[in-house]
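We have chain V; now place chain U onto it with these hints.
So you can see what is in the structure, the chains are spelled out below.
Protein chains: 2
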Amino acid sequence: MDDKTVGDRLAAWAREFDPHLEALLSESPQVSERLSEAMRYSALLPGKRVRPYLVTEVGSLLGAAPADTRPAALAIECVHAFSLIHDDLPAMDDDDLRRGKPTNHKVFGEGMAVLAGDGLLALAFEVLATQARSPQVAAGWVAELAEATGRQGIIGGQAADLQGETQPLDAELVGRIHRSKTARLIQSACRLGAIAAGASAEDYRAVSDYGLQVGLAFQMADDLLDATSNSEALGKQTAKDTDSGKQTYVRALGVERARDLVRDKLDLALEALARFGARADNLRDLARFVVERDH
Amino acid sequence: MDDKTVGDRLAAWAREFDPHLEALLSESPQVSERLSEAMRYSALLPGKRVRPYLVTEVGSLLGAAPADTRPAALAIECVHAFSLIHDDLPAMDDDDLRRGKPTNHKVFGEGMAVLAGDGLLALAFEVLATQARSPQVAAGWVAELAEATGRQGIIGGQAADLQGETQPLDAELVGRIHRSKTARLIQSACRLGAIAAGASAEDYRAVSDYGLQVGLAFQMADDLLDATSNSEALGKQTAKDTDSGKQTYVRALGVERARDLVRDKLDLALEALARFGARADNLRDLARFVVERDH
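One line per chain: the protein sequences are V and U, in this order. Position 294 of the first sequence, counting from 1, maps to 294 under the numbering used here, and the rest follow consecutively. Offset between the second sequence (1-based) and the numbering used here: plus 295.
One chain only, chain V, in its complex shape (with noise of 0.2 Å):
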């Protein structure tokens, strides 16, 4: 299957995935509208749910239906777009653009920007705790999630990148970035679907080491695409990772060491998937085409 197919194929899933999110994020009277405004003007820009998709996925290749997945793959969304806001912020990497629009901050302030970030922080929670199939579900996800996105996930991640601004460039300390900024979420989406599926320890171990491969390799070609592309194709400012001193592969190791290593990790992703045939040829694709899309 081509990467045209699959890029089909995450559009149809967007299009089904979107009105779930929209819902939640229209729920129920709020006490500030402005803020509802802000946290769907960054959790509803179009983008290809990459993480949502693995969640559903993984549980379908596991045993468990979409309305089982749901939850965990609404909450994946919400944090994605908490750690975009935030990453996005003047005290941060002071972006303007994010997928061809203005940044969050741009359009609501700043002291907006960080509550609609934190609002969506809460949210994926809430839905986790209250959604879940059962509250053995509901705790697992918590847990899962919670440290997919704290200390010694993407905030822990995001911290060592604002530190790293400063500090000499190191290849060690652009892997440490990578793996809790990036690929620790995308690990997660992947335990998310597993912990729906009731899978067992094999199972999880083999969808947790495809995930954090996909995470690793899906950030280095972010990497590569910033260092090569030009801001048109991508939606947001580029070549700014490189001018502002940030810690990249690129920048580490040089294009051609950078581009070898995306595809030792999708080696590492496939293998991963041996145990379960043909069945796991949605997740391949997935892989595939993280790596080789150009924007």
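Incorrect hints may have been included.
Partial list, derived from the structure: chain U residues whose beta carbon lies under 7 Å from chain V [what the hints assert, rightly or not]:
hint, residue
1, A386
2, V409
3, G414
4, L418
5, T444
6, Q447
7, G451
8, Q453
Worth flagging that the hints you see were computed from the coordinates, not collected in a lab. Since we're looking at a predicted model, the values are computed, not measured. Quick reminder that beta carbons are idealized off the backbone N, C-alpha and C, glycines included.
Relative to chain V, chain U alone:
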């Protein structure tokens, strides 16, 4: 029992509780040591620890041992610290002092302060999910605390507060802000204790009512202190809310009418405890202490 004694009891409680909080915040190898420092800095500032005390006291009243309520006591203090860090940010209330010390962003910078708040919020849910006695309690706790924190709770209240600075003074709006921003979390402390104890619906409702009224009285008393006290006693800037045009009861109603309202709320809080008899005396003392405190 006089206020001095309640103050002593709270101080003794904080001495017992704080080592648990410190242990939680020192756990496990961190991705970013600086992030951990920033999280510890704010969460461990000396404080009265009223919210975790309420979790524990309500739990104890309804039959839960301290060990069974501890995860919720830790989590609610993390959420409280999160909200203070983000509220103090330059893009929000722009405060330089908190509990007599420089605020988080003054010490660690704005970006790290945003992340420290984020990290404490995620940690709260991780603690609930991983340390609860059962998946049922974990799921109940997360649902409750996430709602109290999110768009309907603190975060929604802070957003309304942020917008209120540009709106005409309005007692109804002040009430809505106080309810979601402050009272809801104090109510949540009581609910978390009740959930740990597996409380009956009637007991749950009674401690919920108590918590809400104490929370409203607490915020009003805070407004009164801000308007009538000086910064030395309070350890933070005073008359600041009045100067900034922030929505407060004192501005909307005047000092005398605000004092009457605090009394009303205290009466309602005590009434809610009637069903528990003398066993709820600690909670009665706390309600009076909250209203009559001078710092």
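Okay, the hints, checked on the actual structure:
For A386 of chain U, the shortest C-beta to C-beta distance to chain V is roughly 4 Å, which falls under 7 Å, so the interface hint holds. Using the Cβ-Cβ criterion of 7 Å, the hint placing V409 of chain U at the interface with chain V is satisfied: the shortest such distance is roughly 6 Å. Look at G414 of chain U: its Cβ gets to within about 5 Å of chain V, closer than 7 Å, so that hint holds up. A distance limit of 7 Å between C-beta atoms decides the matter here; for L418 of chain U the minimum to chain V is near 5 Å, and the interface restraint holds.
Residue-level restraint check for T444 of chain U holds (minimum Cβ-Cβ distance to chain V is 5 Å; threshold 7 Å). Hint on Q447 of chain U holds. Least Cβ distance to chain V is approximately 6 Å, under the 7 Å limit. Because the smallest distance between the Cβ of G451 of chain U and any Cβ of chain V comes to about 3 Å, under 7 Å, the interface hint for this residue holds. At its closest, the beta carbon of Q453 of chain U sits 6 Å from a beta carbon of chain V; the interface hint therefore holds under the 7 Å criterion.
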